[in-house]
Amino acid sequence: MPIGVIVNSLSVLLGGIIGAFLGDKVPERIKTSLPLILGIASMSMGITSIVQMNTLPAVILAVIVGTAIGELMKFEKGIEVWANKARGPVEKLFSSKAGVENQKEFMDQFVGIVILFCASGTGVFGALQSGMTGDHTILLAKSILDFFTAGIFAAALGYMVAAIFIPQFIVLLILFLAASFIMSLTTPVMLADFTACGGILMLATGFRICGIKSFPIANMLPAMVIVMPLSWIWITYCKF
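Numbering (the UniProt record's numbering), first residue to last: 1 to 240.
It cannot be assumed that every hint is accurate.
[To be verified] List time: in silico DSS-like cross-link candidates among lysine-lysine, alpha-carbon distance up to 30 Å:
hint, residue 1, residue 2
1, K213, K77
2, K213, K85
3, K74, K85
4, K74, K213
5, K31, K77
6, K31, K213
7, K25, K85
8, K85, K31
Everything labelled a hint here was simulated from the structure, so no lab data went into it.
Generate coordinates for the entire structure from the input sequences, incorporating the hints supplied.
Encoded structure:
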């Protein structure tokens with residue numbers, strides 16, 4: 001039973017709804033300052049994950065090649081198109097309007113939190129561990145953070161944040177169901193490099209949320225798929 005996946009997704013849904021409902025009542029200084037703090041938290045979690053890296057060349061190659069693949073397939077553009085199509089009906093349904101009017105600013109923050117909720121190293125590893133061992137501790141702990149994160153961002157971005165629970169549930173459920181197959185093919189070194197690659201994405205996400213640099217983090221997602229095969233190839237054939 002994917003208890004951790006369900007709880008994590010519900011935390012985003014509830015946090016997003018509550019945050020959007022209270023949006024006008026949340027002081028503007030909190031809407032401005034807390035996302036910056038969450039961006040720094042994402043950077044810190046990313047750095048913590050990166051230091052676990054075992055095979056630097058494989059991870060760097062995965063990030064470069066993966067980003068190139070993502071750019072060619074225009075993953076981020078797809079998220080933006082989906083968000084633009086859904087934003088109007090969602091805001092109309094709830095008779096609300098997001099506090100962030102600037103389209104570019106909205107997309108920068110929205111795409112960042114989509115990656116933060118759906119593809120963070122903590123979430124991916126937590127779903128895999130939950131599927132393999134039945135231990136939901138990581139996802140349950142992540143749910144607490146996601147609840148408040150969703151609430152804070154929803155206060156500025158509106159009910160669209162709550163809608164992120166749908167792709168998040170799908171991604172984490174797939175990982176949960178595929179956990180036994182995936183974990184049986186991995187080694188501790190491959191998992192360490194996978195975690196480090198996720199850390200790089202989380203670091204880039206933090207920069208984007210803070211408005212420092214708008215990294216194409218959605219287009220970097222293919223790196224998470226190819227990093228473990230590249231890590232295995234490197235340690236098997238290329239390590240000197």
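Results of checking the hints against the structure:
1. K213 / K77: holds, 17 Å
2. K213 / K85: Given that 30 Å is the threshold and the Cα spacing comes to 25 Å, the pair holds.
3. K74 / K85: holds, 17 Å
4. K74 / K213: Between K74 and K213 the Cα gap is close to 19 Å, so the pair holds against 30 Å.
5. K31 / K77: Holds: K31 and K77 sit about 26 Å apart, inside 30 Å.
6. K31 / K213: Holds: K31 and K213 sit about 20 Å apart, inside 30 Å.
7. K25 / K85: holds, 27 Å
8. K85 / K31: holds, 25 Å
Checked against the numbered hints listed earlier, the structure breaks none of them; every hint is satisfied.
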